[in-house]
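In terms of this note's numbering, the sequence shown opens at residue 20 and continues consecutively.
Hint data in this document are derived by calculation from the structure and do not stem from the laboratory.
For every residue, glycine included, the Cβ atom is placed at its ideal position computed from N, Cα and C.
Worth double-checking, as some hints may not be accurate.
Here are the simulated lysine-lysine pairs, BS3-like style, with alpha carbons at most 25 Å apart [to be verified]: (1) 230 <-> 219; (2) 169 <-> 230; (3) 202 <-> 169; (4) 79 <-> 169; (5) 189 <-> 219; (6) 144 <-> 189; (7) 202 <-> 69; (8) 169 <-> 219; (9) 230 <-> 144; (10) 219 <-> 144; (11) 189 <-> 269; (12) 202 <-> 189; (13) 189 <-> 169; (14) 230 <-> 269; (15) 189 <-> 79; (16) 69 <-> 79; (17) 219 <-> 202; (18) 202 <-> 144.
DEER-style ranges, computed between Cβ atoms [unchecked claim]: (19) 115 <-> 85: 21 to 27 Å; (20) 287 <-> 230: 21 to 27 Å; (21) 59 <-> 131: 51 to 57 Å; (22) 43 <-> 138: 38 to 44 Å; (23) 138 <-> 260: 27 to 33 Å; (24) 226 <-> 171: 21 to 27 Å; (25) 196 <-> 114: 20 to 26 Å; (26) 196 <-> 293: 54 to 60 Å; (27) 175 <-> 50: 30 to 36 Å.
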Amino acid sequence: MIETDVATITEMLKGFALGFGLDLLGAVLILVIGWWIAGRTGALVRHSLKNAKFVDSTLKPLAASIARYAVLIFVIIAVLSNFGVETTSIIAVLGAAGLAIGLALQGTLSNIAAGVMILILRPLKVDEFVEAGSVSGTIVEITLFTTLLKTPDGVFISAPNSQIWNSAIKNYSRNPTRRLDIKVGIAYDDDVDAALDFLKNLVASDERVLKDPEPMSFVANLGESSVDLTARGWVATSEFWPTFFDLTRKSKTELEAAGFSIPFPQRDLHVIESAETASIAKPAAKTATKPAAKTAAKKPATRARSTAAKSTTAKKTPATKS
Numbered sequence: 020m021i022e023t024d025v026a027t028i029t030e031m032l033k034g035f036a037l038g039f040g041l042d043l044l045g046a047v048l049i050l051v052i053g054w055w056i057a058g059r060t061g062a063l064v065r066h067s068l069k070n071a072k073f074v075d076s077t078l079k080p081l082a083a084s085i086a087r088y089a090v091l092i093f094v095i096i097a098v099l100s101n102f103g104v105e106t107t108s109i110i111a112v113l114g115a116a117g118l119a120i121g122l123a124l125q126g127t128l129s130n131i132a133a134g135v136m137i138l139i140l141r142p143l144k145v146d147e148f149v150e151a152g153s154v155s156g157t158i159v160e161i162t163l164f165t166t167l168l169k170t171p172d173g174v175f176i177s178a179p180n181s182q183i184w185n186s187a188i189k190n191y192s193r194n195p196t197r198r199l200d201i202k203v204g205i206a207y208d209d210d211v212d213a214a215l216d217f218l219k220n221l222v223a224s225d226e227r228v229l230k231d232p233e234p235m236s237f238v239a240n241l242g243e244s245s246v247d248l249t250a251r252g253w254v255a256t257s258e259f260w261p262t263f264f265d266l267t268r269k270s271k272t273e274l275e276a277a278g279f280s281i282p283f284p285q286r287d288l289h290v291i292e293s294a295e296t297a298s299i300a301k302p303a304a305k306t307a308t309k310p311a312a313k314t315a316a317k318k319p320a321t322r323a324r325s326t327a328a329k330s331t332t333a334k335k336t337p338a339t340k341s
């Protein structure tokens, strides 16, 4: 009897292991193949939208990510179904899990919501240079969770979407033109009007500076050691930095060549002696003068004695010779 029960249990275990092993093997195959299909789907969507002009470049990587995650969700459902889990149960479990994950990952979900708002309102796009909060750089890609940037010196930055969205965004590339200010200081002795005309003509002579609005120049500040002048013009956004560097260099070299001087920071000190300070300083000066006067009086006496000794010796010498 016992042997019969053992044989029955063994057969049941074999059947369960065989069935579970086949289910497990099928689940692994579904997961591997589904993972590969998800990756290929994302790459296919990205490649198909690469040259599509009707789709904004900011949406292309996001569409590829959404397609990949959608395939992965179906793969997970298929894996669970392979173990006999019903679809309704899967939906209920996913709903409960989604609620729990949502409460635990509020920051992560806020990044997704912020990414969606960025894509809808478009305050920034790929290849635009922006400054948001403590980060700045050229937008490389906007994903579901993060915004990827590249700084001018080649540093990679991955910023959470919520940080970008909750900050004031400065987009330096959005407008077609930018204002250019060239600041330089001249000496107080120089002719201010002549320097203003010279700076205005210098900026206007550059072909990259727009004629409308017309370039202008003005006195911006009266500094401690210089009169600070500003020449202003408008240029295309793509030409801003090359024009700024060239005109900054020319403002120094050509102003000096024209006879104007660019002073370095300096400060003049004027010592004012009050009546109280003078009354204290005079006795100290007299006290310091008395020892010097006595010493000066003693020195001539010493010199006189030495002179007398010399004269006595001079008198004695002829007597000895005779």
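Hints versus structure:
1. About 12 Å separates the Cα atoms of residue 230 and residue 219, which keeps this hinted pair within 25 Å; it holds.
2. For the suggested pair residue 169 and residue 230, the alpha carbons sit about 33 Å apart, so the restraint of at most 25 Å is broken.
3. For the proposed pair residue 202 and residue 169, the alpha carbon gap of about 29 Å is over 25 Å, so the pair is violated.
4. At roughly 18 Å between alpha-carbon atoms, residue 79 and residue 169 fall within 25 Å of each other, so this suggested pair holds.
5. At roughly 29 Å between alpha-carbon atoms, residue 189 and residue 219 are farther apart than 25 Å, so this suggested pair is violated.
6. Between residue 144 and residue 189, the direct Cα distance comes to roughly 12 Å. Compliance with the 25 Å bound is thereby established for this hinted pair.
7. Only pairs whose Cα atoms come within 25 Å are accepted, and residue 202 paired with residue 69 is rejected, the gap being roughly 44 Å.
8. Annotation: proposed proximity of residue 169 to residue 219 is violated, straight-line Cα distance about 36 Å (limit 25 Å).
9. Annotation: proposed proximity of residue 230 to residue 144 is violated, straight-line Cα distance about 29 Å (limit 25 Å).
10. Taking the CA atoms of residue 219 and residue 144, the gap is about 35 Å. The hint is violated against a cut of 25 Å.
11. Between residue 189 and residue 269 the CA atoms are separated by roughly 29 Å; this puts the pair beyond 25 Å, and the hint is violated.
12. A threshold of 25 Å between alpha carbons decides the hint, and for residue 202 with residue 189 the separation of about 23 Å falls inside it, so the pair holds.
13. Of the supplied pair hints, the one linking residue 189 and residue 169 holds, its CA atoms being roughly 16 Å apart against a limit of 25 Å.
14. Restraint check: the Cα-Cα separation between residue 230 and residue 269 comes to about 19 Å, which is no more than 25 Å; the hinted pair holds.
15. A C-alpha spacing of about 23 Å is found between residue 189 and residue 79, which places the hinted pair at or below 25 Å, so the restraint holds.
16. Simply put, residue 69 and residue 79 have alpha-carbon atoms about 7 Å apart, close enough for the 25 Å limit, and the pair holds.
17. With a CA separation close to 12 Å, the supplied pair residue 219 and residue 202 stays within the 25 Å bound.
18. Restraint check: the Cα-Cα separation between residue 202 and residue 144 comes to about 32 Å, which exceeds 25 Å; the hinted pair is violated.
19. Judged by the Cβ atoms, the range 21 to 27 Å given for residue 115 and residue 85 holds: they are separated by roughly 24 Å.
20. As the Cβ distance of residue 287 to residue 230 is approximately 43 Å, the hint placing it in 21 to 27 Å is violated.
21. Separation of residue 59 from residue 131 is about 24 Å and departs from the stated range, judged on CB atoms against 51 to 57 Å.
22. Taking the beta carbon of each, residue 43 and residue 138 are about 40 Å apart, inside 38 to 44 Å as hinted.
23. Between residue 138 and residue 260 the beta carbon distance is about 29 Å. The supplied range of 27 to 33 Å therefore holds.
24. Between residue 226 and residue 171 the C-beta distance comes to about 25 Å, which sits within the given range of 21 to 27 Å.
25. For the pair residue 196 and residue 114, the supplied restraint of 20 to 26 Å is violated, since their beta-carbon distance comes to about 52 Å.
26. Checked against the hint of 54 to 60 Å, the C-beta distance between residue 196 and residue 293 comes to roughly 59 Å, which is consistent with it.
27. A hinted range of 30 to 36 Å for the beta carbons of residue 175 and residue 50 is consistent with their spacing of about 32 Å.
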